[in-house]
Amino acid sequence: MRSRPRALQGGENSSPAAAPDFDSLFRTCVGDVHAYAMSMLADRAAAEDVTALAFERLYRARSRLDPRRGTARGMLFTIARNAALDELRRRSRRPLAEGPGELPDARSDVALEQVEHRALVADALAGLGGRDRELVLLKFHGQLSNGELARALGISESNVGTRVHRALTRLRTRCLELERESAA
Amino acid sequence: MRVIPFRPPRMSPEDGRALARIEAALDGDGTGPEAEYWRELRADIRSLPEPADPAFVEGLKQRVRAPEQPSRPRRRLAAAITRRRGVAVAIGASLAALLVAVFAVGVPSSRRAPESVPNTAIMGPREKGPPVFAVPAEHASNPGRAEARSRADQMGPAEPSSSAAGATGEAPGEAGGRLQQLGASLTLSAGGEGVQQVADRVGRTTVSAGGFVQSARVQTQHGSGGEALLTLVLPSAKLQRTLAQLERIAPVRAETQSLQDITSEYHAAGGRLASARAERAALLRALGRATTQAAIESIHARLAEAARDISSAEHQRAAISRRASRAQVEVTVLGVARNSGGSTLSRGVKDAGRVLAVMLSVILVALAVLLPLSLVLAALLLGGRLWRRQRRERVLRSG
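So the sequences go chain by chain: A and B.
To get our numbering, take the position in the first sequence, counting from 1, and add 5.
To get our numbering, take the position in the second sequence, counting from 1, and add 3.
For the record, the hints were derived by calculation from the structure and aren't laboratory data.
The structure presented is a predicted model; accordingly, all values stated were derived computationally and were not measured.
Some clues are possibly wrong.
Selected chain A positions facing chain B (in silico; Cβ < 7 angstroms) [claimed, not checked]:
#1 Val35
#2 Met43
#3 Ser44
#4 Asp48
#5 Ala50
#6 Tyr64
#7 Leu93
#8 Arg96
#9 Val126
#10 Ala127
#11 Asp128
#12 Ala131
#13 Glu139
#14 Phe145
#15 Ala155
#16 Gly166
Over the 10 angstroms line for every Cβ pair with chain A, so calculated as not near, a few chain B residues [as the list claims (entries may be wrong)]:
#17 Pro54
#18 Ala293
#19 Ser328
Have a look at the derived ranges for each label pair, beta carbon to beta carbon [as the list claims (entries may be wrong)]:
#20 A:Arg32 with B:Ala355: 53 to 63 angstroms
#21 A:Gly132 with B:Leu389: 26 to 36 angstroms
#22 A:Thr174 with B:Gly62: 39 to 49 angstroms
#23 A:Ser68 with B:Glu61: 16 to 26 angstroms
#24 B:Pro16 with A:Ala189: 19 to 29 angstroms
#25 A:Arg73 with B:Ala355: 31 to 41 angstroms
Just so you know, even glycine gets a beta-carbon here, dropped at the ideal spot from N, CA and C.
Starting from the given sequences, assemble the full structure and let the hints guide the process.
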């Protein structure tokens with residue numbers, strides 16, 4: 006598991022003084038934001054655009070960051086989410102989870118099993134509804150807390166908890182179904 | 004029809020516990036197969052997309068450091084929005100400064116306004132007679148006033164001091180063999196003194212000049228300036244000198260002088276008198292020649308009538324002569340507002356209070372205007388945000 010940098014986990018206690026530590030934020034988040042955008046848009050160029058836009062906007066707004074309105078990481082993913090949705094709407098393209106990229110060398114049984122499992126997970130993710138998929142991607146790529154998710158989605162925290170539980174349960178159910186199908 | 008639940012469905016306690024277990028597993032706290040499953044699932048999903056290109060990451064890092072060089076229209080738009088926000092703040096600050104300036108200029112002018120109001124009182128006494136000329140308050144104590152007075156001197160008796168009148172041998176109110184009725188009205192500001200005190204001094208000055216106060220009405224009010232209206236009768240020969248003395252009593256806010264030629268009236272009265280006297284002389288002659296009792300009685304009756312005519316004509320001529328020898332002066336004494344007698348500090352404090360009251364009322368008016376506008380604007384902004392959110396998330400519904 007990849008843990009979030011402590012400076013970005015400050016939540017309510019983090020201050021605008023954390024904003025100058027932009028390099029740290031960039032290093033720890035750029036991969037996650039790009040991965041989230043790739044999963045949402047299934048397009049490398051568009052994902053890079055969204056990633057760049059998110060970081061540039063956050064950088065310009067770094068002096069105005071208010072810790073009471075969320076952590077820098079949460080804001081970054083909020084910007085990325087909005088940009089990704091705008092991009093999707095603009096292109097009228099459905100968000101599709103990109104399939105496994107360059108597969109690892111499948112010379113061993115373990116590697117083959119890993120590739121199959123990832124493909125199964127990708128199928129299960131693609132089978133989710135748009136809202137559930139978006140929530141799972143924000144939860145796993147952004148590693149956002151329910152409070153940060155609530156701010157990003159503009160809904161209450163309890164509602165986020167309900168939706169996260171529902172989405173993860175559906176994802177698990179779907180994975181199990183696909184495993185059973187492949188085993189059969 | 005799509006039903007949107009008003010409240011999100013509550014999570015059951017069981018689901019809540021399940022979510023807590025998932026959260027604990029993802030945070031690395033949970034143990035067991037289920038926790039491992041969730042961690043592996045997250046790792047799988049995170050590994051699905053291709054990793055970011057290192058060249059892109061490095062380029063982005065450099066680009067973020069130099070955001071002032073926009074390379075895409077979207078970034079230029081974002082920069083323009085940021086710039087416009089500054090412009091909007093600048094415009095707002097300018098408007099606020101302008102508003103403050105308007106009020107700063109407007110409040111003192113509203114304080115000066117009462118100074119100009121009493122000018123209308125100038126015309127009050129003037130309505131009793133035809134205005135000949137008026138000296139505005141602002142000219143009352145400058146060379147313009149002297150010029151106006153010299154014009155009056157050309158029309159009426161020139162500085163009719165007793166010596167001058169005696170030297171020319173003209174009766175007061177006469178100029179070049181013509182009879183003139185003089186009049187004036189004066190508006191004085193009580194200033195630091197009370198209205199009553201100023202009115203008393205006006206009366207004493209009148210008496211010392213050989214005149215008298217024909218009527219007086221003094222009105223004083225606690226907290227306000229009060230007002231006194233005096234009608235003075237002065238010897239025409241001493242009019243100008245007495246006016247000058249009156250002007251020294253209190254600051255002059257307005258002065259009006261009038262002149263009316265009554266020569267024709269005087270001559271008409273004299274003509275009627277001469278005619279009545281001639282008639283009486285003729286009747287007396289006729290009486291000497293009368294022989295019958297009836298003729299004598301008739302002439303006596305006509306003589307009595309002629310005597311009444313003579314008496315009436317003499318009265319009229321004397322009255323006209325008195326009008327020429329006496330000038331009527333209307334003096335209005337205006338009290339200055341309540342705090343005129345206070346110290347400078349107390350006046351300043353009261354002025355500051357008035358300014359604050361004006362500012363408060365302005366703020367209330369501004370709030371009355373701005374509050375509904377703000378509510379409408381807030382509703383529009385909220386609606387806009389909701390609309391944008393709905394529009395964005397519409398794409399997720401289709402997925």
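Can you name, in rising order, the numbers of the hints this structure does not satisfy?
-> The structure conflicts with hints 4, 5, 8, 11, 12, 15, 17 and 24, although it agrees with all the remaining ones.
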